[in-house]
Every structure is written in C-alpha cells, then in structure tokens.
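4 protein chains.
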Amino acid sequence: MQVGFAGLGNMGFAMAANLVRAGHAVKAWNRSKEPVARLIALGGQAASSPAEAAQAEVLITMLADDASTRSILDEGGALAQLKPGAIHVCMATVSVAFAKEMTARHAEKGVGYIAAPVLGRVNVAEAGQLNILAAGDSGLIDRVQPLFDAMGQKTWRFGSQPERANAVKLAANFMLVSAIESMAEASAMVAGHGVAPADFLAMATSTAFAAPVYKIYGEAMVQERFEPAGFKLALGLKDIRLALEAAEAARAPMPFASTLKDNLLDGVAHGEGDLDLAALSRVAARRAGKG
Amino acid sequence: MQVGFAGLGNMGFAMAANLVRAGHAVKAWNRSKEPVARLIALGGQAASSPAEAAQAEVLITMLADDASTRSILDEGGALAQLKPGAIHVCMATVSVAFAKEMTARHAEKGVGYIAAPVLGRVNVAEAGQLNILAAGDSGLIDRVQPLFDAMGQKTWRFGSQPERANAVKLAANFMLVSAIESMAEASAMVAGHGVAPADFLAMATSTAFAAPVYKIYGEAMVQERFEPAGFKLALGLKDIRLALEAAEAARAPMPFASTLKDNLLDGVAHGEGDLDLAALSRVAARRAGKG
Amino acid sequence: MQVGFAGLGNMGFAMAANLVRAGHAVKAWNRSKEPVARLIALGGQAASSPAEAAQAEVLITMLADDASTRSILDEGGALAQLKPGAIHVCMATVSVAFAKEMTARHAEKGVGYIAAPVLGRVNVAEAGQLNILAAGDSGLIDRVQPLFDAMGQKTWRFGSQPERANAVKLAANFMLVSAIESMAEASAMVAGHGVAPADFLAMATSTAFAAPVYKIYGEAMVQERFEPAGFKLALGLKDIRLALEAAEAARAPMPFASTLKDNLLDGVAHGEGDLDLAALSRVAARRAGKG
Amino acid sequence: MQVGFAGLGNMGFAMAANLVRAGHAVKAWNRSKEPVARLIALGGQAASSPAEAAQAEVLITMLADDASTRSILDEGGALAQLKPGAIHVCMATVSVAFAKEMTARHAEKGVGYIAAPVLGRVNVAEAGQLNILAAGDSGLIDRVQPLFDAMGQKTWRFGSQPERANAVKLAANFMLVSAIESMAEASAMVAGHGVAPADFLAMATSTAFAAPVYKIYGEAMVQERFEPAGFKLALGLKDIRLALEAAEAARAPMPFASTLKDNLLDGVAHGEGDLDLAALSRVAARRAGKG
Chain A
1 MQVGFAGLGN MGFAMAANLV RAGHAVKAWN RSKEPVARLI ALGGQAASSP
51 AEAAQAEVLI TMLADDASTR SILDEGGALA QLKPGAIHVC MATVSVAFAK
101 EMTARHAEKG VGYIAAPVLG RVNVAEAGQL NILAAGDSGL IDRVQPLFDA
151 MGQKTWRFGS QPERANAVKL AANFMLVSAI ESMAEASAMV AGHGVAPADF
201 LAMATSTAFA APVYKIYGEA MVQERFEPAG FKLALGLKDI RLALEAAEAA
251 RAPMPFASTL KDNLLDGVAH GEGDLDLAAL SRVAARRAGK G
Chain B
292 MQVGFAGLGN MGFAMAANLV RAGHAVKAWN RSKEPVARLI ALGGQAASSP
342 AEAAQAEVLI TMLADDASTR SILDEGGALA QLKPGAIHVC MATVSVAFAK
392 EMTARHAEKG VGYIAAPVLG RVNVAEAGQL NILAAGDSGL IDRVQPLFDA
442 MGQKTWRFGS QPERANAVKL AANFMLVSAI ESMAEASAMV AGHGVAPADF
492 LAMATSTAFA APVYKIYGEA MVQERFEPAG FKLALGLKDI RLALEAAEAA
542 RAPMPFASTL KDNLLDGVAH GEGDLDLAAL SRVAARRAGK G
Chain C
583 MQVGFAGLGN MGFAMAANLV RAGHAVKAWN RSKEPVARLI ALGGQAASSP
633 AEAAQAEVLI TMLADDASTR SILDEGGALA QLKPGAIHVC MATVSVAFAK
683 EMTARHAEKG VGYIAAPVLG RVNVAEAGQL NILAAGDSGL IDRVQPLFDA
733 MGQKTWRFGS QPERANAVKL AANFMLVSAI ESMAEASAMV AGHGVAPADF
783 LAMATSTAFA APVYKIYGEA MVQERFEPAG FKLALGLKDI RLALEAAEAA
833 RAPMPFASTL KDNLLDGVAH GEGDLDLAAL SRVAARRAGK G
Chain D
874 MQVGFAGLGN MGFAMAANLV RAGHAVKAWN RSKEPVARLI ALGGQAASSP
924 AEAAQAEVLI TMLADDASTR SILDEGGALA QLKPGAIHVC MATVSVAFAK
974 EMTARHAEKG VGYIAAPVLG RVNVAEAGQL NILAAGDSGL IDRVQPLFDA
1024 MGQKTWRFGS QPERANAVKL AANFMLVSAI ESMAEASAMV AGHGVAPADF
1074 LAMATSTAFA APVYKIYGEA MVQERFEPAG FKLALGLKDI RLALEAAEAA
1124 RAPMPFASTL KDNLLDGVAH GEGDLDLAAL SRVAARRAGK G
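Residue numbers (the working numbering), protein chains in the order written: chain A, 1 to 291; chain B, 292 to 582; chain C, 583 to 873; chain D, 874 to 1164.
Simulated from the structure, these hints should not be mistaken for lab results.
Using N, Cα and C, we set each Cβ at its ideal position, and we do this for glycine too.
All the pointers check out, no bait thrown in.
In silico PhoX-like cross-links for lysine-lysine, where the CA-CA straight-line distance does not exceed 25 Å: (1) D:Lys1163 with A:Lys238; (2) D:Lys1088 with C:Lys736; (3) A:Lys290 with D:Lys1163; (4) A:Lys238 with C:Lys682; (5) C:Lys665 with C:Lys691; (6) A:Lys238 with C:Lys820; (7) A:Lys154 with B:Lys506; (8) C:Lys797 with D:Lys1088; (9) D:Lys1111 with B:Lys529; (10) B:Lys391 with A:Lys290; (11) A:Lys232 with D:Lys1163; (12) C:Lys797 with D:Lys1027; (13) B:Lys529 with C:Lys872; (14) B:Lys581 with C:Lys872; (15) A:Lys215 with B:Lys506; (16) B:Lys445 with A:Lys215; (17) B:Lys523 with C:Lys872; (18) A:Lys290 with D:Lys1105; (19) A:Lys290 with D:Lys1111; (20) C:Lys820 with A:Lys100.
Rough simulated footprint, nothing fancy, chain D against chain C, three-plus residues with beta-carbon under 8 Å: (21) 778-789; (22) 822-830.
Extracted from the complex, chain A is given alone in its bound form (with noise of 0.2 Å):
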C-alpha cells in the first residue's frame, strides 16, 4: 500500500519501519532528518514536507500531541493535500475533542480520519508486537488492517466515531499512571515502618501484582533507575490532563485522575519532568519528608 507516514519518533520510526519490511510503500516525513535516512535504509522514501506525504492513499501521523498533529495538517499542508477517497490514521494520543474536530474538517473534504492510538513501549513497537485501539468507519479500518497487522499483534476496534479510540487510550494511560502511584504511596508508607520499598515491590509484583505494568515501573522505582526515561513523567501528566478533558466532556468525576495531575505537577515542578513515571516515587516520599 502507498502510505504517507508523519512523525518518526521512538516509536513512529519502529512502527514505520515494519510497515516497510512488511513491504508497504512508506514515504516518510519528520522534523529531524535522521531518522529518515535510517529509514530510507531499510527501504522507505523520503518526503520533503507532510504535505508531500499526505500524497498517498494512507497518511499515518504518529506525532507527539495535539499541537504537533495540528501543526503538521495545516501549517504542514497535510490536510490540504489529502485526495477524496484517501484514509489519515492518527496513531497519536491526541485529545478526545482533536478527534471529534478532525473528523469533521477530514469529512468535508471526503477524507477518511481514523483514531488507532496504540498501547506498548518502544520495544513492544520494534517487535510489531503493539495494541491497537481503533476507532471510525469500520470498512475504512478493513482497508488499513495489512498496516495494523504489521505493526502490532492484535487491532481491538470500538465502533465508528473515532474520539472512542482516543477516549479508550486515555483511559488506559490513566490507569497505568494510578497503578504507579498507588505503588509509589505504597511504597512510601512501609518504608515509614522501616520495610525497604525494594522488599515490598519485589513481593507485590511477584504475586497479586505480577503484570508488566507493575515489574516495569516497580523495578525502575527500586533502583531509582529514571533516566532515560520509558515514558516521561511530563508527557504523563499531559495524558492525564487529556484524560480529564474527556472526563468533563462526558461529566464523569474522576478524583484518582484529579490527584494525579496534582502529584505530576509537584514532580514537575520539581524538575522531574524528564525523568520516567516511577519518578511518581519521588513526589511521595518528599511529601512523607524523605525528599
């Protein structure tokens, strides 16, 4: 398939990479440039604008944010390229409002938007082992499932309207972000027993906690390991914010979120921005006076 592909960070690179190998036409644009040429190594091409990506029969955007995305369709060209008939799978994790504004603006001109954020770390993304959380015309999704399936294990689809796979997304980032405070109050408070957080981590992520989310971020907070970071705890709390969007949208109270953006906020305003989201560890036991 001859696919345009917007955004070739950590993860966009991995995702378009195996898009090539699969053997899919990838014509590929980013910021920087090299990435780029790695890919051009593997067999992708190059575009000089997203503009000249969205020249294709698939646009795929993986970009940071709302912003970025936004940036790349209007200043970028994107939107105004894109043919009748062509499909942009935004694989972003964009607002839940972004995708209800894309679909429209991509309706008007005939274009097809579909919203397939993905769950897995960049590892998960090399493997082409990633989740994909899709939403939007079920036949346009039939018609991008050979990219799906190139570039993650399974696609879970939620119905027509796009912004459901973006709401799903949040949703999901919201509860990987509560399961790494509820470890890092945890943590906290035993410690004030005087039992090591190592101890208790390595017993509750081998028994009722025994998932990746938990070994992974667990691990990290043992070993105080935050850098490079995994998932930075800045672009936690903007999932979070989003995720509290999506909530007032649909009126639906969510006080664990609400906290969260506070203690993220406290690590960013601690400079703990850049580091990884076991870092939540540090807010807690700086407000239990072991900063």
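Chain A is already provided as a structure; the job is to place chains B, C and D on it using the hints.
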C-alpha cells in the same frame, strides 16, 4: 505440631484444613460451631473456648479485625492461657498499632508474637497457595515455617518487627483497591463517550493489565456480579482506614488512599457495603449521573 | 469619555448603566436587544455590532467567557475596528492564557489591553460598589480610572501584565467555591449526627465565619433556595477549570481545586448546572446517601 | 457555684479565671503547678488531684484531647469521685466517639455529662467572649448556664445528645482549616503568575473574605509569622482526623477533609507540626517547587 486455631471463617477454615491434612494436630475454636464440625470431620479437634485453643505450642488467629482478635485474646482468655515459649501467629489483617501493642503484651509473658497476614482469596487458601507475609523473630518464624508451608506457596519475610508485615499487607490491599478504582473511573469515562465498559475492560485486562486482580474484579464489574462478594466493600473500607492510620503514623501522605476512603464510604452510604469491591464501579457511575 | 460596551448581561448592564449615570457616552452592543433598549432609556446609545462599539476611545467587554469574548473580537470585528491608542478593558472572568494572547494581539495593533475582572454580585454592581481587579500598563489604567470609579468602590492594581488580574480573580473565585464546599461537607457530616444543618450554619456564619460569602451561600443552602442562581454551578465549574489551567501553567498543585472540579462535575451530571453554587450541599448530601 | 476545673492550659486558665472573677468557687487541678498558683492569686483554690477537683457540683475539663481527658477521668480518679447528681462539662475538642462513650459511662453513675467545646482563641477566652457549643440534657445545661455566661458571649445549644456539640465543633474547625488551605493554594497559584501573595491576600481579606479567620491567618501567611502558633498545625491534624472519624461514623464523604489530612501530614513530615496552621502556605509553596 500442636496447633490451636481461632477463627474458622472461609479463609480460616481453608487454612486450618490444610494444616490438618499436613498432619498437624489442630484444635480449633470458632464462634459458630458448624465449621468446627467440618474440621473435626477432616481430623481436627474442637476447642471449647479461645482459652482452650491457646493451650498449644502455637496459636494461630484468623479473625476479622482488631476488635475480634482482641476479644478472643482478652475476654476469650487466650492471652492468659498462652504459655511462656509458646507462639501466637496472628494471620488476620489487623492494624499496625494493634501489632505493636500485641508484640509488647506477649513479650511481657514470654510468648512469641508473629504477624503473618496472607495474600489470596478463598480458592487460593483452599489450594494451599497463599502468599504469607511474615514478620517477627526469625527463630520463631523458623519454628512455624512448616505450618506456613502447609498453608501457602511462599513465605515472604519482612524482618523482626511484627507490625511490618501488617504494614506490607495493608499496602498491598491498598494497591488492590486502587487498581479496582482505576478501572471504575476509566469505565465511567469511556462510557460517557459511548464505549461499553465491557469492551474497554476486555481489552485492558488482556493487554497491559493482564494480572489476576484486574481480570477478577474487571469481570465482576462488567457482569455487575457483586454478590456473593469475594472481598466485601465494607472490609475494603476497613483496610483502607487501617492503611491511612499506618500512613499517618509514618507521616506519609497517601492521597489515593484518602480518595478511596471517600468513595468506599459513598458506597457504604448507598447500602453497598456487603457487595464486592468491584461495586466501586457503581460509585463512579453514580457520580457521573448514571446511577 | 467615549465608551463602547459589549455584553449587557445582568452584570454588564448594571456596570454600563453606572457609566451612563456618571455622564459617560456609552454606545452598547448586546446579542439580545432588550437590555440595549433599557440602556438607551437611561441615556445610552446602541451599537449595531461589536465592531461599531469598538469605534471608541475605550472598549469595555463583559462577556461570559473566553469563547464569547473571542467571538465579538474576531467574528464580531471589534478587534479590527479598535484604533491605535484605543484601550480595550476586558472585565470578564476569562482565562490567563486568553489574557496573554490578547495582550499580544492588541499590542501588535497599537491598542492597549487591560484586564479588569470584578468582585461582586449583581446588586453590588448596581450599587457601583464592585471591587475591580486591574492589571496592565499603569498609564492606561490611569486613563480609564474614572470609568472604574463609576462602577466600583475600589480598584486593586496588580501590575503591568494584564493576565495577573485574571489569575487573581480566578484565585478569589476558587476561595469562594472552597468556602461553599466546606459548608456543604460540614453540613453533611453534622446532619449524620442529628444536627440540623440550619442550626450549624446559623452558628458558624454568626461567629468565626461571619463574612458575606458564608452568610449568602449558607442561607441559600439552609433554605434550599437554588433558583434563581446568584452564581450558577456550571459557571463555577468553568471558573475552577480556568483556575486549574492557571495552576498548571504556574506548576502549582491545587488539590482543593481538583476536588471542587470533581464535585461540580457531579452536580452538573445530576442536572444541577443551572442551580446556584450553594447546591454543592446537594452533592455532599447525595454522596452521604441523603440524596 | 462549686466548680472543679481540670486543665489550665492557655485556654483553660483564661476560662477558669473568668469563673473566679464571676464569683464562683473554683478548685483547679493542672499537671504543672504554675498556672494553679496564678489562679490562686486571683482567688481560686488548688485541687491536689483530678479526683479532688471532681468533688464538686460541677466538674469542667479542658484537656488537650481524648487521651488526656480519659487519663484524668480514669487513672486520675475523677470519674470515680463524681457524685450522683453532679455534672461533668467537657469543654475540650474531643471525638464524637469519646463523647458517646462518656455519656454512657457517666449515666451509669447518675452523673450528668455535657459537651461544651468552644470557639475562639486565647484572647477571646480572656475577654470572656467565647462562643460555647453545648449539647446534653437541657435541664443540666440550664444549671451550668451561669458558668457559660461567665466564660462566653453566647451559648449555642445543639440538642440533648452531647456528642452533637462535638460534631459541630469539629465541623467548624474543619471549615477553618479549609479556609486557610484555600488561601494557601490560591497564593501559590497567583505567585506562579508573578503576583505577590501579600497583594492578593490584602485584597481578598478586605473584600469578599473580610472575616477574622481569613484576616488572622492570611496576615500570618504574608508575614511568614508561624511562631508562636495560635493554633498548631499538629493540633489541626488531630482535629481533622477527628472530623474524618465523625464523617465515617456518619457515612459522609468529606473529600476536602481528606485532602487537608494529607497536606497537614506533609507539614508534620517536614517538621512544621509546631508551627501555626497558616504554615499550610509552606506546604502549598513547597509542592509548587518554591519550598
């Protein structure tokens, strides 16, 4: 080993039965007599009072809370009957403060005190697969280790101060209730955007959150199957209260735990105290106007 | 002074009327025409569009929020019509981010921008007794001070960056909603012990809390008189959202504000958005099972 | 009237002194003897023990908390010495549960029990201008009303169940700490936008929040004058804990109180327990990275 056992609730009975099956001489007391009869059928013996159960090498107590444990020790006469050199193993989920007090009171009498709360629901207890969280004098724990081996798959030791095991147990239960609350809030949010919580939770508990705690409570949430309760909401409230007390003693703010207490209280105020903890989904849905 | 005035809601009308009474030449625009007619009866003039209102020495805007203010400035043509040297005084409760953006956009055109949100309800505005929270270039504020003097009892200046006045206004409204929430929670608690909230609030608002904010909202709570709303719950939600956005920009966790957002959202989800903020008592009572 | 008085702290001394000045025969006990000597200088008498103080028509206790009140009643022998027909007026800020227990225990002995906690700081107590929150049998309150009139400006009655007065007192203290927290958070937010908290608070406490609680604590905040403490942060933590216990008994979620407990605990964990409650501003500033 000669073992007295007080408290044959669902958990206690399963544990005592495994001791009997492993060949230990178990003399058991329970407020109601029916489970005692069942234990006798397996080869156990009846104690006519907590005091009689305490006339053993080792007394195991598995009562509901601080008050009921205190009751069998004081009014029930068990503490008075424990002989110097005997060991009392308190396996209930009691408070850190209670463990400290009991450690001192037993020591005055030359009786050993071990805290050994457990992780696992009834079916896990029946299978002898509990995780046992033990703290106390290591020589004493060595002595009762054969009993732990008959009841659990693994014993995790947290040092010589008994109350540390209670802090760890409360921290683990806090993490459990947090995981449930995160599913409840996430479900309310996605529902507000038209996604069925069942679809969301099926995905989440098969991917990043593929751990028993999420699967078990997530399924109960989806099926709205809150009775019979695996873990009653009102008991969850008790455990979170104890976690907060332990946190206050440790001067560790636990904002998630504070939120949990408010939400569990909301549930109890709405007559949901006897439902399973999964009914936190009702609290979240009700606040979102979908009560 | 030649004054254009956009936004004759209850507050705006009272303020514009006082300008007319003080002898200023006020040309007013409002979406519905009825209040314009009333102002003409007092000696004011009608502007057929926001753009016409903007053809004055000073343009005062008193709209509901960011979006409606933006609408009259952009689609309504007011910003385009403001002449170099003119001053736009935005007296609405808008966001800090909006104020920053507007400061820059006005400066590009050589137009002064002053933020001057107000404290006080409609009856205070009618009496010309508002407290005006002003920020912006001090020379510009000096020029419009006679207008402020006609509308308010005192002008409080917060420096040369306009958005500071908005931060102050949002902080004050946050304190107001916090005071109401504290009465709501306290009332639910004492009610659970058999004390009539009316008895409790009568005492509290006559002693330590003998301030207008407690008296006014406490009385509405006691009488369950939530309509007509002096300050709509849904507008309170908007203001708390803006306060939280300002807090995030300042990297300042505001856990009370986070809680308020959740509780106000709970109210809106239960159809209470058009009721007075005092209806936070309903949210607290409902959570306590007395809904 | 013959009055025994136990507890001559700053508040207790001022209250007992006013009883003496009003002509009552006051026999006082205090752990340290210095304030007893001062009271004798005013015309009072010394009791050598709580038990001796209890040999009076009316016993007034004004201790720090449940534990110290319990101590003088039980170990101190006061309860045993109270004669049938005597009245014990407990004016301390104790828990609702304690009041219920004491009501029953006094009734068993034919002794009346009145709860009468007070509102007002030391200078108010000295001036005899306290607000007294009384509950208990109305005939009994009538009998001690002359004593209340000597200590306070007004007695507010909350019915015949003594614990109701304690619930009211805790609710009022909760509102007080909430008001302080709202100033702390608001100040941290405006500071992040360049507004001096002093400027913000000067405005707020002169306008909508022109009540003593805001003025007193706001001024302490601005001047960072946290010692000597008018109301110690650690005592605020105690009162909020008691308010939360009362809320749990009433099944009333109090999310503001939960947040306060976490923030007060943060303060105590940072060695601020002996500072004035106004030091909540430090907690808020610290979390915003301005510690």
